[in-house]
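Q: For reference, the chains in residue letters:
2 protein chains.
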Amino acid sequence: MNSATTELIALVKRADTLANIAGLLGWDEQVNLPPGAAEQRGAQMAALAAVVHTASSEPRIGALLAQLEQNGAAGLTDDERTIVRQARRDYDVATKLPAAFVEEKATQDSRGYHAWARARADNDFASYIPVLEKNLELVRREAAYLGKGDAPYDYMLDKHDPGLTAAAVDRLFGELKRELVPLVRQITASPVTARARTVGEKLRGFPIDGQRAFLREVTGRIGFDYNRGRIDVSLHPFCSGTGSDVRMTTRYKEDQPLDALLSSIHETGHGLYEQGLPADLLGTGLGINAGMAVHESQSRLWENQVARSRPFWRFFEPRWRELFPAQTAGVSSDELYLAINAVEPTLIRVDADEVTYNLHIILRFEIEKQLFSGELAVRDLPAAWLRASRELVGLEPANDREGVLQDVHWSGGAFGYFPSYCLGNMIAAQLWYRALALRPDLEADFARGDFSWLLEWLRENVHRQGRRFSALELVRRVTGEELSPRPLVRYLRERYGSLYGL
Amino acid sequence: MNSATTELIALVKRADTLANIAGLLGWDEQVNLPPGAAEQRGAQMAALAAVVHTASSEPRIGALLAQLEQNGAAGLTDDERTIVRQARRDYDVATKLPAAFVEEKATQDSRGYHAWARARADNDFASYIPVLEKNLELVRREAAYLGKGDAPYDYMLDKHDPGLTAAAVDRLFGELKRELVPLVRQITASPVTARARTVGEKLRGFPIDGQRAFLREVTGRIGFDYNRGRIDVSLHPFCSGTGSDVRMTTRYKEDQPLDALLSSIHETGHGLYEQGLPADLLGTGLGINAGMAVHESQSRLWENQVARSRPFWRFFEPRWRELFPAQTAGVSSDELYLAINAVEPTLIRVDADEVTYNLHIILRFEIEKQLFSGELAVRDLPAAWLRASRELVGLEPANDREGVLQDVHWSGGAFGYFPSYCLGNMIAAQLWYRALALRPDLEADFARGDFSWLLEWLRENVHRQGRRFSALELVRRVTGEELSPRPLVRYLRERYGSLYGL
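From first to last, the protein sequence lines stand for chains A and B. For the first sequence, this note's numbering assigns the number 3 to the initial residue and increments by one for each residue that follows. For the second sequence, this note's numbering assigns the number 3 to the initial residue and increments by one for each residue that follows.
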């Protein structure tokens, strides 16, 4: 690499290292912080945020970028271009937003969160209207500062998933919706749905120590490197950190033993991605994930395609029964498999199964799109939500708490984030069939407890690529085809068709 | 306060906030860090250290100090003077050491640690000689940069305990030694020593969950605020953090149930001090401990005067027996008390009881003094250690591992640190008798499980004073007398005289 690139890398790595410290403080806040220390931690976060901002907006970065970008970045290798592109993204965000705007947004994010929590508790959407209106205004202004004032929703999508546009999502979700709505109707009408519910209720009284031990065995076997990561307990599961210090969380419920397990496998998918990024270039375009959709594809692939499969349980079920002999005595293998793959429409996104989950996302995308196009006013959100819920999920919220007030995202201005969840499902399924085509024995591997081929294939094709490619480019390169909802629909039909006797 | 003071406070608090983040990373490293993440964490610590250094050497701090110090700081209140004095200390350390020296020292500290670990493992003092010589040289240079080149050992003592001098320590330790050596000889000759050992060996198989619960109850009852702190597990117990986020650690051994308990009470003493500093001025002279000796006095007071007393156990013993009925069945109350107060000379400082511990410290102080005066060369350390150990502890190390190689401190250049341990014991005893004089019913409080009077008295007289006074001044103000070893000797004679039938 030339010396300007080397210098640029040192500067962006420094900013990233400081940002990772902020990430660690965030993890610590969720996992360890004494209740009375919130204010002290707030001061630490604020001081560190200022430091990170100073490091990210270091003028020398700007000078190096200007130099490297000359003549269309001619003379740079592809990898150097990837690094320059990502550095430019970060530098523009750090330098183009006026300090007063950043402060206004930080204040509004915090206010918005509390307003949302209150509105949800009181089922009072009216009080939340000005917050959402303000948040939409701030997003439009942010997009304008970054030169994307003409397409603020595209700007938000691109923020979470570099290269993504509303038009692309619209096309993909439209096709998925046409296939998925009837499939869910079929499943719901199946008598198996009621049976799945009964089985789930049989799984009771699983001691947490045993759950922890089993989950540790499973996630370690899959490939999570506990020498370079850990798992703890927090209110909501998440995965944070990168490289050699990846920290997942889960939460245990004695009467929902599959919950901690499957959510941990989900987080393991995220964790494997972060552990698999090129260590020496962390924080550069070569050492950062390709966006939230690809990130989510990794978590979903391990959680759904792998850990909800029969071969996976063929290997782990004996150990599960060994750890919980009394609790599993009255549950057959078929019943366990059914409990793992229970499908039932719900009003609440975070409670949804892997099939109907996608409908919740499509609903939110359609509403966000209309909010940004101006077709929908904030005050009309509840009615629009109700209509869309009926059409997509087949259920009507009885109140806004079960409807438009259920998610935290918009309260902090995180529009355009939801689509990545469903795109992640699509990418996971498309990667899955590509892997199966390359290694027809893949599920036989799983039945022997061997997940190494799949992990190594993902390492090579996804993890080690960092942010070289956008989500759409990555899928094209790895699978040889454009991203499409068809593999996801195929996967759901295969898995749930036979299970629900469709 | 005037506006210059206000501005100065904001700047030093900012530097302190960033330094506290580094402290949290240090805690995390001992408690949580995945084994493979050491290098990544090292990069974070280095980046943060540079940030802290920049914040601490902010030129505006220097300008404000120069302004406030004019005319002998005339016009400032006492509290403002305290703040200015501490800010000056920190600013001089941050600005007077050349960057090249700081780097050289950091490298040498790390090298020194590894050289020490190797030398101890191999019992190879010869390989450690150049490290110690280099460390002594670096300390001399550091003292010189800060204008204390004529008295580097005083500089080091003052670094850990503002205002402390070798002459003062020499006088105090000389007097203590004359009293303590014969007392230990008497105890060692007592047949009770052997019995204490036997009782200790009876305490076996205490489940860790129960130990954790008991220790939590005890430390909470004493006054540690778990709303503003926590306790975790690490290899060596320590206490870190301040204000509303104070984190202690301990380690559990099933066959040494008193170890985790008493060491946690020790850390609780440190923790209470940090929780009791004035929250709004953390990091200034009013919101920082008065030095390591006073810090240690707080841990020792709660560990020794309080938690090794009969009244303390009158209250907690029933609960202890309730939690561990089988394990405690064959242990009488007198035997328990004896196990808690077992005295037996040992070669290893960290294994020493509260009586002989002081001799280990005197030994190290005498050796450090001679190293700095030039009376003793590094290569002659093992022989000097052997002589001093025989004289003071009454035991001869069979090798350097049991002697001069046992402590980590010097490997990182931490000379002048040991004395604070013993000074802490002296201060604790002197505070203790003052408290007893003011509240003769103090031990009756303990027997009822009420520790509030003592805590509030310490809060008012020690914790809330921050760094207003040096250790020696603080003792003078609170007890009305100069610091002296006599209260410590009196306390040890009272407690151990009756127990060992002297």
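Among these hints, one or two may not hold up.
Quick list of simulated restraints, FRET-style, between CB atoms [claimed, not checked]:
{"#": "1", "chain 1": "A", "residue 1": "Ala101", "chain 2": "B", "residue 2": "Leu237", "range": "51 to 59 Å"}
{"#": "2", "chain 1": "A", "residue 1": "Thr79", "chain 2": "B", "residue 2": "Ala24", "range": "34 to 42 Å"}
{"#": "3", "chain 1": "B", "residue 1": "Asp111", "chain 2": "A", "residue 2": "Asp111", "range": "37 to 45 Å"}
{"#": "4", "chain 1": "A", "residue 1": "Ala48", "chain 2": "B", "residue 2": "Ala65", "range": "34 to 42 Å"}
{"#": "5", "chain 1": "A", "residue 1": "Thr97", "chain 2": "B", "residue 2": "Ala24", "range": "21 to 29 Å"}
{"#": "6", "chain 1": "A", "residue 1": "Ala101", "chain 2": "B", "residue 2": "Asp80", "range": "54 to 62 Å"}
{"#": "7", "chain 1": "A", "residue 1": "Asp234", "chain 2": "B", "residue 2": "Ala153", "range": "44 to 52 Å"}
{"#": "8", "chain 1": "B", "residue 1": "Leu237", "chain 2": "A", "residue 2": "Ile131", "range": "17 to 25 Å"}
{"#": "9", "chain 1": "A", "residue 1": "Ala48", "chain 2": "B", "residue 2": "Pro37", "range": "48 to 56 Å"}
{"#": "10", "chain 1": "A", "residue 1": "Pro327", "chain 2": "B", "residue 2": "Leu237", "range": "31 to 39 Å"}
Covered stretches of chain B, going by a simulated chain A footprint (3 or more residues, C-beta under 8 Å) [unchecked claim]:
{"#": "11", "segment": "257-266"}
{"#": "12", "segment": "297-307"}
Worth flagging that the hints you see were computed from the coordinates, not collected in a lab. These numbers come from a predicted model, not from an experiment. For each residue, glycine too, the CB sits at the ideal point set by N, CA and C.
Q: Tell me if the beta carbons of A:Thr97 and B:Ala24 are separated by a distance inside 21 to 29 Å.
A: Holds - the Cβ-Cβ distance for A:Thr97 and B:Ala24, about 27 Å, lies within 21 to 29 Å.
Q: Given the hint of 54 to 62 Å, check if A:Ala101 and B:Asp80 actually sit that far apart at their C-beta atoms.
A: violated (38 Å)
Q: Go ahead and decide if the range 31 to 39 Å is satisfied by the Cβ distance of A:Pro327 to B:Leu237.
A: Holds, at about 36 Å.
Q: Between the beta carbons of A:Ala48 and B:Pro37, is the distance compatible with 48 to 56 Å?
A: violated (32 Å)
Q: When you take the CB atoms of B:Leu237 and A:Ile131, is the distance between them in 17 to 25 Å?
A: Roughly 55 Å apart at Cβ, these two residues miss the hinted range, so it is violated.
Q: Range hint 34 to 42 Å: satisfied by the CB atoms of A:Thr79 and B:Ala24?
A: Check passed, 37 Å falls within 34 to 42 Å.
Q: Measuring from beta carbon to beta carbon, are A:Asp234 and B:Ala153 in 44 to 52 Å?
A: Taking Cβ atoms as reference, A:Asp234 and B:Ala153 lie about 49 Å apart, which means the hint holds.
Q: Starting from the hint 51 to 59 Å, judge whether the C-beta atoms of A:Ala101 and B:Leu237 obey it.
A: violated (44 Å)
Q: Within the assertion that chain A covers the segment 257-266 of chain B, do at least three residues meet a Cβ-to-Cβ distance smaller than 8 Å?
A: Violated: only 0 residues of the segment 257-266 of chain B have a Cβ under 8 Å from chain A.
Q: How does the segment 297-307 of chain B fare against chain A when you require at least three residues with a CB closer than 8 Å, holds or violated?
A: Three-residue rule not met by the segment 297-307 of chain B, so violated; n is 0.
Q: For the hint 34 to 42 Å, verify it against the beta carbon of A:Ala48 and that of B:Ala65.
A: violated (24 Å)
Q: Given a hinted range of 37 to 45 Å, is it respected by the beta-carbon distance of B:Asp111 and A:Asp111?
A: Check passed, 41 Å falls within 37 to 45 Å.
Against the hints set out earlier in the document, violations occur for numbers 1, 4, 6, 8, 9, 11 and 12.
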